[in-house]
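Here the structure of chain A is known, so what remains is to put chains B, C and D with the ligands in place on it, guided by the hints.
One-letter residues, chain by chain:
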Amino acid sequence: MNAAQPGPDGLIDGYLTMLRIREFELAAIRAHGEKLVHGTLHPYIGQEAIATGMCAHLRQDDLMLSTHRGHGHCIAKGAPLAPMMSELFGRENGLCGGKGGSMHVADFSVGMLGANGVVGANIVLAAGAAHEVKRRGEDRVVVCFFGDGAVNRGPFLEGLNWAQVFDLPVIFVCEDNQHSASTRTSTMTGGEGGGARARSIGLTTIDVDGNSLPDMLAAGKEAVSIVRSGQGPVFIHARTFRVTGHTATDLAQWRDTEEVERHAAADPLPLLRARILSEGHREDELLAEERRVRTDVQLAYDKALASALPPATRAFEDVQVTGNPQIGAF
Amino acid sequence: MNAAQPGPDGLIDGYLTMLRIREFELAAIRAHGEKLVHGTLHPYIGQEAIATGMCAHLRQDDLMLSTHRGHGHCIAKGAPLAPMMSELFGRENGLCGGKGGSMHVADFSVGMLGANGVVGANIVLAAGAAHEVKRRGEDRVVVCFFGDGAVNRGPFLEGLNWAQVFDLPVIFVCEDNQHSASTRTSTMTGGEGGGARARSIGLTTIDVDGNSLPDMLAAGKEAVSIVRSGQGPVFIHARTFRVTGHTATDLAQWRDTEEVERHAAADPLPLLRARILSEGHREDELLAEERRVRTDVQLAYDKALASALPPATRAFEDVQVTGNPQIGAF
Amino acid sequence: MTNLIAMTAAEASTLALREEFALDENVWALGEDIGRGGVFGQYAGLQDEFGPQRVVDTPISEAAILGVAVGAAMVGSRPVVEMRFSDFALCAMDEMINQAAKARYMFGGQSKVPIVVREPTGLWRSAAAQHSQSLEAWYAHMPGLIVVCPSTPADIRGLLKASIRADDPVVFMEPKGQWQRTGEVDLDDQEPYELGKAAGRREGDDVTIVSWSTQVHVALEAAERLAEQSIESDVIDLRTIFPWDKDSVSQSVRRTGRLLVVHEAVAVGGFGGEIASWISEHEFHHLKGPVARLGAPRIPVGYAPNLEDQIRVTAENIVDRVIRMINEGEEETQV
Amino acid sequence: MTNLIAMTAAEASTLALREEFALDENVWALGEDIGRGGVFGQYAGLQDEFGPQRVVDTPISEAAILGVAVGAAMVGSRPVVEMRFSDFALCAMDEMINQAAKARYMFGGQSKVPIVVREPTGLWRSAAAQHSQSLEAWYAHMPGLIVVCPSTPADIRGLLKASIRADDPVVFMEPKGQWQRTGEVDLDDQEPYELGKAAGRREGDDVTIVSWSTQVHVALEAAERLAEQSIESDVIDLRTIFPWDKDSVSQSVRRTGRLLVVHEAVAVGGFGGEIASWISEHEFHHLKGPVARLGAPRIPVGYAPNLEDQIRVTAENIVDRVIRMINEGEEETQV
Ligand SMILES: Cc1ncc(C[n+]2csc(CCOP(=O)(O)OP(=O)(O)O)c2C)c(N)n1
Ligand SMILES: Cc1ncc(C[n+]2csc(CCOP(=O)(O)OP(=O)(O)O)c2C)c(N)n1
Ligand SMILES: [Mg+2]
Ligand SMILES: [Mg+2]
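Chains as they are written, first to last, in the working numbering: chain A, 404 to 733; chain B, 404 to 733; chain C, 3 to 337; chain D, 3 to 337.
With the rest of the complex left out, here is chain A:
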């Protein structure tokens, strides 16, 4: 269990992981405004408890597949901040050498098998990773995060059915933030959503308040214990809210301010902080730890900024082994 992976009951470790994610996202958004981060950025702000509570129970050799909104998953799984930030900056020492960026951030060394730019596509890949884990007779667990919008894509059905039929060690975590881009997901979803669908396919399903770290820790613990002991796939429906717009530049002004304010008030970070203090933790200690997190993130930012761009010739590497193009070949 490394620093980024707090013990199952460690609210403070969890809080600090959540803060790390939050601060990372804020720094990334700032860098996006500064044109240091390119392309499209989907912040994880407000959903930090989900990745944190889930990943707290994972070993480093457990596997995870993520989405377009993947920074939080990546951090919670234990990826180091500086190479992550470098990746967002498109630098040579980024996790993917600058080839992937925000939407394809990955760190295979900690079992983070990639963010994915195609909604729902990671669900079938996760079933595949779990299929292989089981084929090998290993006790690793695979976790697959996706949004409430993904439950309307075909691979949702195909992947869940596959996991159930082959009785695979995979946890599907639907982060129901109630939105998909500029759409209220409920208006586009028949029936009661992901959980009901998962149940109809035969999966064990857990419904949880994704804004509560303690609840998420409990749900994650239950899911991992079911799955690691070979009792088949689990589906977690985690209710949350997308505090920001869809992307770093989206203001999502069409949303009801009352609703946004109500949910902002349910921001998991300050609530958890208050709870931790109310349980007797000393504020000065917490402040010191918070400072450390902020320093880590600032260091990651500074390091990324100071890092070199990849040499242009790198564009011609890692395409394929057989038939890789020569540098400069058209």
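Incorrect hints may appear among the rest.
[Unchecked claim] Listed next, the in silico DSS-like pairs over lysine-lysine satisfying Cα-Cα at most 25 Å (straight line):
| # | chain 1 | residue 1 | chain 2 | residue 2 |
| --- | --- | --- | --- | --- |
| 1 | A | Lys706 | A | Lys438 |
| 2 | D | Lys248 | C | Lys290 |
| 3 | C | Lys290 | D | Lys290 |
| 4 | D | Lys114 | D | Lys199 |
[What the hints assert, rightly or not] The calculated label-pair distances, taken between Cβ atoms and stated as ranges, are:
| # | chain 1 | residue 1 | chain 2 | residue 2 | range |
| --- | --- | --- | --- | --- | --- |
| 5 | D | Ala46 | B | Arg665 | 47 to 57 Å |
| 6 | C | Ile7 | B | Arg462 | 42 to 52 Å |
| 7 | C | Gly111 | D | Pro307 | 15 to 25 Å |
| 8 | D | Gln192 | C | Ile325 | 46 to 56 Å |
| 9 | B | Leu674 | C | Leu25 | 51 to 61 Å |
| 10 | C | Asp322 | D | Glu205 | 34 to 44 Å |
| 11 | D | Glu223 | B | Lys438 | 18 to 28 Å |
| 12 | B | Ala621 | D | Pro307 | 40 to 50 Å |
| 13 | B | Lys438 | D | Glu205 | 16 to 26 Å |
Don't read these hints as lab results, they were simulated from the structure. C-beta: ideal position from N, C-alpha, C; glycine also.
Frame of chain A, contents of chains B, C and D with the ligands only:
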């Protein structure tokens, strides 16, 4: 209501439609053996009550989308036998001019919008047809047949969800013959199958014995009355059995003979015939009507056999309006 | 009479839709988030104007979005399908290829599928490998499909209108990097443009440069630079990839004797190969030297801006290639 | 030492799988109905021999079949994916293109996806429009993919083994019409064949005919007939479409001065265009006349046998085209 579309309560009309389908299939299988029908042929034998009971309640301007196993649907919707048989023979006067064959048989003039060679693909097309019917404010109904194997394909989820979200006038009929090609479908399906999945998406669901014409007539009636009155989509789960192999040449010898025999004994045609006679219908009259059906099918066969192949130049027609290739152009 | 006004490609798109929506009740649009204008503003205001039955927001269900359009087209309407990024159309390939493209043929002409599948295409500010592809060559290879690759606001308007009125499935691929480029559009000319007709963007007798989509603008920049060296380029914007305007290209090549085909898509297996080999075969004796092609290397699109740049065919690349073509020809005659 | 025995393509397939399964536990196969041998018997007996964990029957879920293979490959195995008909791979195009082909690149080399996606391809006794397509050109255009189009039982065995051992995603397209064709296979030569190497099937100095898959056999038939007229053809079976063996083709063309590319796929936008334009560009001065291509017309495949025949490039078509190429050349030199 034409000859092929018996009144909702007409068991005799229904029986004769079922017999028409059965005899057509037997003739087609024979012709396939004689190398008059080409490619792959998927017989509908044993499932005749489903198409018949469902289509009995349809108007000619109602619409239907079918599968690789589509002859029965086509006949029940009212397509004439001779042009159908000609299509299977690949003749000029076939329903599709010999271009489609068994897997693409269609008769748009009776609302039969095509068999489909891709499992599950017709589900999203049917949602589209229904979407347009509703957009126009018409009271037409769309029926979409598919097999139990199709419930594991992505378009099943996407099409059903679409129909539910947009509250469309479409009836999905899952013909659960327990097999998909050489696979027992239950071994590949998580949960309780199509019906449970449809319910989880919010659809009204009807479960019915697809081998019983009276039951299918009742289910079809209920579904059409719900859908035509604008109360949204309906899913019918019709239990049946695939008496033959997957194709005309597949012996499916891997199947348990006990099971095959048990289901052959549940063949809907002789059972229905016995019931009709037991209800007082005169056998000599029935025999006369049965002879007429057999004569019709034989006539269709003879006509197809006597028909010309399409001129080869037809291969270059109907590709597209803009950019259609010239005859002989490579 | 003309009434030219400058507008962006996105505005030209909404203009075309507004005009066609007003003319024909059977025209409607469907796609994710188009009610709030679409990713690039290409549907801005249309849902307010025509209502949610004409501008339909959808679930994230690409297979259904395309499949529903096919089914609806078979029942008589003319749906405009928004795929958001051409890359996501890969989630609906069965619907596009096995259903839309083949229905007319398989059913012996009983059916038609007049849909427009809009696929914003190509590079767009570090969008990386899954949001940057140019796959027009795939569709051009597929019987039943028309493929349109417009490069200017006026063409987006005129060709989108034509695509909506066409009785075939049309893949309409707007260059993602060009949505905010402005160009003049003639408000009074409401006629659709003819599909399959190229546009001459510049005249010259030394070399023919054939291109489409974003690369047309790069080719024109290169042509400017070449003109400074007294090399005059005939720049042809193909506009429609299938059917493509063989006559225009042939006529130009007969005059110039040299052809360079340039596109943003990967060169290997790109549609440039079709044009190059067709012209090589049919105009062989008019060619002063081999037909040349420029396109992307056969690599996925990288995220870091300088990696992404390796995909781009630049004006400099074009200038160099043309000069080499001309020099090679000269060497040849000198020998 | 050789130990040649005659076997069908289907038998060669099971032989290759059996050999690779025995060598490497990480090799396994998945697809619909393969436990009972697969549609063409190309998995016959393997589930009995290696068990249902190595030969995995699947739901009808093409997106999952391919996606699961990608995920499993990322975790270290080498899945052989059965798509049944190449047409159904269209139901898994996102998984193939956006996931399998790009993973290595997007993730900066952290990942590899060593899968073999088997796509039985081409015409097969009136299978009609949705079961007959030849889409190799699509994959050849796509960075990250290897594309193999074998024509004989020995190649199916040797190239399937190589594809399984390759560290890239391979699209392996067996010609559907050839499953029952027999050919000699050397049981003792268990080495995989090299990917990217063409095979010379016949030698000649008058014309180079490049082909692959089913059309190789047609080209050889044409070459026989041409030989009767003292025209000697150099027939090259490309075997791998990407990477394709430029050296072999170039060397042959330098000798013959004439190139005809023949494939079953639609000619417009087919991979023949790539070969033709590449050779036209790079061997221009060795060419006695324009490179010619033969392929299917741009029409869907019809059901009636005589309509289906319109897709086929026949030996007669090839003979005619070659004779025309040679006559045109002669006219030229005579003038
Ligand atoms: C197949 C596909 N369709 C559309 C998109 C564009 N898109 C990116 S994120 C997104 C919304 C996803 O919503 P949800 O799954 O709820 O995730 P969230 O953004 O809320 O985290 C959409 C439509 C995509 N990336 N992939
Ligand atoms: C997408 C797709 N995958 C595979 C096939 C091959 N195939 C044709 S029919 C069939 C079985 C279908 O089973 P089911 O849906 O139960 O219909 P049934 O044949 O029992 O009527 C399969 C796998 C196909 N046509 N399309
Ligand atoms: Mg969401
Ligand atoms: Mg079935």
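Inset, instruction - Take the C-beta atom of glutamine 192(D) and the C-beta atom of isoleucine 325(C), compute their distance, and say whether it sits inside 46 to 56 Å. - result: With Cβ atoms ~53 Å apart, the hint holds.
Inset, instruction - Given the hint of 51 to 61 Å, check if leucine 674(B) and leucine 25(C) actually sit that far apart at their C-beta atoms. - result: With Cβ atoms ~57 Å apart, the hint holds.
Legend entry - Hint consistency between lysine 248(D) and lysine 290(C) [alpha-carbon to alpha-carbon, up to 25 Å]: Distance of about 24 Å is within 25 Å: holds.
Inset, instruction - Quickly compare the C-alpha distance for lysine 114(D) and lysine 199(D) to 25 Å and report which way the hint goes. - result: Satisfied, since the Cα-Cα distance of roughly 23 Å is no more than 25 Å.
Inset, instruction - Can you let me know if the beta-carbon spacing of glycine 111(C) and proline 307(D) is within 15 to 25 Å? - result: 20 Å Cβ-Cβ, so the 15 to 25 Å window holds.
Legend entry - Restraint status (C-alpha distance of lysine 290(C) to lysine 290(D) at most 25 Å): 14 Å, holds
Inset, instruction - Below or equal to 25 Å on CA atoms is what counts here, so check lysine 706(A) against lysine 438(A). - result: 16 Å, holds
Inset, instruction - Return holds or violated for the Cβ distance of isoleucine 7(C) and arginine 462(B) against the range 42 to 52 Å. - result: 51 Å, holds
Legend entry - Range agreement (Cβ of proline 307(D) with Cβ of alanine 621(B), hint 40 to 50 Å): 44 Å, holds
Legend entry - Beta-carbon spacing of alanine 46(D) to arginine 665(B) - inside the hinted bounds 47 to 57 Å or not: For alanine 46(D) and arginine 665(B) the Cβ distance comes to about 29 Å; the hint is violated.
Inset, instruction - Could you tell me whether the CB distance from lysine 438(B) to glutamate 205(D) stays inside 16 to 26 Å? - result: Given about 39 Å between the Cβ atoms, the range is violated.
Inset, instruction - Using the beta carbons of aspartate 322(C) and glutamate 205(D), state whether their distance is inside 34 to 44 Å or not. - result: 39 Å, holds
Hints 5 and 13 from the earlier list are contradicted by this structure; the remaining hints agree with it.
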